[in-house]
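6 protein chains.
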Amino acid sequence: MPYVNIKVTEEGVTGEQKAQLIQGATDLLVRVLGKNPATTVVVIEEIPTDNWGIGGESITVRRARG
Amino acid sequence: MPYVNIKVTEEGVTGEQKAQLIQGATDLLVRVLGKNPATTVVVIEEIPTDNWGIGGESITVRRARG
Amino acid sequence: MPYVNIKVTEEGVTGEQKAQLIQGATDLLVRVLGKNPATTVVVIEEIPTDNWGIGGESITVRRARG
Amino acid sequence: MPYVNIKVTEEGVTGEQKAQLIQGATDLLVRVLGKNPATTVVVIEEIPTDNWGIGGESITVRRARG
Amino acid sequence: MPYVNIKVTEEGVTGEQKAQLIQGATDLLVRVLGKNPATTVVVIEEIPTDNWGIGGESITVRRARG
Amino acid sequence: MPYVNIKVTEEGVTGEQKAQLIQGATDLLVRVLGKNPATTVVVIEEIPTDNWGIGGESITVRRARG
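Protein chains in written order, with our numbering: chain A, -10 to 55; chain B, -10 to 55; chain C, -10 to 55; chain D, -10 to 55; chain E, -10 to 55; chain F, -10 to 55.
With the rest of the complex left out, here is chain A (with noise of 0.2 Å):
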């Protein structure tokens, strides 16, 4: 019965990459605590980078400084 919720910047992450976010966070759960798939919930969510922030400063201005 495990929740995982994954946030990550929003940055063209696709579906293909959700589909493994999913898919290696239940596995993760499973190997490791023995849970059921069935009823392990992921939620992925994608957060502008105005709205990420680390070491004081969002990631947008960190990617434009380089």
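Here are the simulated lysine-lysine pairs, BS3-like style, with alpha carbons at most 25 Å apart: (1) F:24 x B:24; (2) E:24 x D:24; (3) A:24 x C:24.
To list a few chain C residues with every Cβ distance to chain F over 10 Å, as calculated: (4) 0; (5) 1; (6) 4; (7) 5; (8) 6; (9) 8; (10) 9; (11) 12; (12) 24; (13) 25; (14) 26; (15) 27; (16) 52; (17) 54; (18) 55.
I should point out that these hints are in silico values taken from the structure, not numbers from a laboratory. Fair warning: this is a prediction, and the values are worked out from it, not measured in the lab. Just so it is clear, CB atoms sit at the ideal spot from N, CA and C, and this is done for glycine as well.
Starting from the known structure of chain A, fit chains B, C, D, E and F onto it as the hints suggest.
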């Protein structure tokens, strides 16, 4: 002072349905725990079906398979 | 497939009250959005009153002031 | 290593305001707890007013009533 | 810079299992999205079985029924 | 009406420090976005160092290595 976060798939939830979720969740906290509705916060988040996984695959894939 | 996260202050919520929150939140999603209860997840988190703030001060302080 | 999640209503928050929220939240964790800003993550989420409820009704409805 | 939040029921998860979840989730983000592990944050939350519901009832009740 | 969730490692955060985090986060939302402090909610969650990972390993392990 409760905080309720409801995550559902993004599949045409109407304004009226959102209003019912907000009222219903608030009523539930008032009824069960005697909380003050004036400070009960409900946040609904709609998640694209590509970004929601259960059983190791996305809702998009499950819907397509029928 | 909804996911509902309920955060309340940690002030003696009983097992019976938690059961009512779980059933009530699940029923709400079934009734309003026609969701499948079998995959509706509800997670209740109890937060110490020192750790919950509103109006710029903790619930502990507000309770003490009466 | 703190993680700060700020949820606000989606009502024209500017890039400059987001930058101030990111810097301010990071500074707060550095000042109060001596955390390392380099690993302090801030994620801002903007929620449509239809999806945010308080007092049992949405912000959209509250705004309309004036 | 991803952030991964894993919620599981509080049922004796060992330090070794937590280490495997942290490493596995980090590796997943590196492998699928090429993220930098140094800024990939994983937070595991353990939820009492009374506080986790699925199918309208708590895990405690489901476990007791067998 | 903002909601701020601050997650930090569980390492002896005092009641006074929590009060400063609550006041500081509330002030930030008032100052930057003109939000109403009376409905600004701050929730602090303390996470055991075993349960917090960065760079693929737990804070417990990083602290032990020095």
